[in-house]
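**Q** Turn these sequences into a full structure, and let the hints steer you where they fit.
Chains as they are written, first to last, in numbering that gives the first Met the number 0: chain A, 0 to 181; chain B, 0 to 188.
Hints were generated in silico from the structure; no laboratory data involved. Treat each hint with caution, since some may be false.
Calculated cross-link-like contacts (lysine-lysine; reagent style DSSO-like; alpha-carbon spacing at most 30 Å) [claimed, not checked]: (1) A:LYS140 x B:LYS7; (2) B:LYS72 x A:LYS12; (3) A:LYS40 x B:LYS75; (4) A:LYS169 x B:LYS7; (5) B:LYS75 x A:LYS36; (6) A:LYS157 x B:LYS72.
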Amino acid sequence: MEDARGFISGDDKAFGELVNRYKERIYTVVLRIVGNKDDAKDVAQDAFVRAYRNRQSFRAESGFYTWVYRIAVNLAINFINRNKERQASSLDDPLIIGRQQPEMVTPSVEQDELRRTIDSAIADLPARQKAVFILRHYENKSNAEIASMMSITEGAVKANYFQAIQKLKKSLAPYIAEGGVA
Amino acid sequence: MNCEIFRKYLDEYVRGTLDSSLGNDLGEHMAGCAACRAEYNEHNALLSILNSKSEIAIEPADLDDFLPGVWHKIEKGKSRRRIWFFRLVPAALAAVLLAMFVFRSDSDKLVYTGFYDAADSLESHQTYSALIGVLFGNEAGQQLDIVEQELDSYGSFVNGYIDDDIFDLSLDDLVKLESKLKELKNNKG
Chain A
0 MEDARGFISG DDKAFGELVN RYKERIYTVV LRIVGNKDDA KDVAQDAFVR AYRNRQSFRA
60 ESGFYTWVYR IAVNLAINFI NRNKERQASS LDDPLIIGRQ QPEMVTPSVE QDELRRTIDS
120 AIADLPARQK AVFILRHYEN KSNAEIASMM SITEGAVKAN YFQAIQKLKK SLAPYIAEGG
180 VA
Chain B
0 MNCEIFRKYL DEYVRGTLDS SLGNDLGEHM AGCAACRAEY NEHNALLSIL NSKSEIAIEP
60 ADLDDFLPGV WHKIEKGKSR RRIWFFRLVP AALAAVLLAM FVFRSDSDKL VYTGFYDAAD
120 SLESHQTYSA LIGVLFGNEA GQQLDIVEQE LDSYGSFVNG YIDDDIFDLS LDDLVKLESK
180 LKELKNNKG
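**A** Given below as structure tokens:
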């Protein structure tokens, strides 16, 4: 809170502390959305730059992290809207890995293929559906939080999430075929 | 409980975030409905698969130069703003003037503030939202929402909470803004 107050009053050192404190979490959510490490770093940095330039808009009650998180998510959505072609090429070298089994040193071919398929399926989602899905599924945000963050209605959040799930079911149908309740 | 309600709460049920009473209702319905049971299986399998890749691998070195990069961009933006101000302001002012004529009221009386007020606002705030505020500030919030939704489609992030720096708009974007304003006017009728 002290750093946030310092930030509002123009203390660059306080701003630096805030950046170092939250950079990894902001970078992580952006990376999930844009899918590429270099781009994610760029966008995450842009989020902090925006925060710095708009410090007059910051309301300390909402929390610096929440505020920058919102900026970052929206910048990430804008980024993938503008760079649809780069989304496809970034999947050639997936850097988002799955949960490793303790006894395994390297993932099996099948696991690697599954991860690429999942990455591809998520990357193919329209920008807004992708962001809503990632925020809901991987970031555990509520519909209300997502709606506020993206300046859309909760109904739109639910609709986008539903559409994303339907598309992912189609894309991952071969892997879904097994398992479930008898 | 019917299938429509079951589908509505299916995701929360699979995630285990549904309250127990409603969860019991869904479970009972599923026991007697093969179609919903199949949907449950499919949804459960999907979430399991997606959860298998939930972790992000971040190397500490990935973000070593993060803060210096932020400062570099801040400094770069300061010098860029000085250059672009002299290029974009004339185009932006032209857009303001055009929009003011396009959205003239039926009585021919200008709804918005005068041209010089708009220019002053633009120069002093130098933000996209200030421009939109000058154009639509006297209108109901709905008009502003329409503009934001329309303009968001080509990547200009417009949000009442965040001021998008007008210097991030390219000349192409400003031209698009002008034509989009005309289109909105025509749709408004």
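**Q** Each hint: holds or not?
**A** Each hint, compared with the structure:
1. Proposed proximity of LYS140 (chain A) and LYS7 (chain B) is supported: the alpha carbons are some 18 Å apart, at most 30 Å.
2. Of the supplied pair hints, the one linking LYS72 (chain B) and LYS12 (chain A) holds, its CA atoms being roughly 16 Å apart against a limit of 30 Å.
3. Of the supplied pair hints, the one linking LYS40 (chain A) and LYS75 (chain B) holds, its CA atoms being roughly 17 Å apart against a limit of 30 Å.
4. Restraint check for LYS169 (chain A) and LYS7 (chain B): satisfied, since their Cα atoms lie roughly 19 Å apart, inside the 30 Å limit.
5. For the hint pairing LYS75 (chain B) with LYS36 (chain A), the CA-to-CA distance comes to about 22 Å; that is within 30 Å, so the pair holds.
6. At roughly 36 Å between alpha-carbon atoms, LYS157 (chain A) and LYS72 (chain B) are farther apart than 30 Å, so this suggested pair is violated.
Violated hints amount to a single one, hint 6; each of the other numbered hints is respected by the structure.
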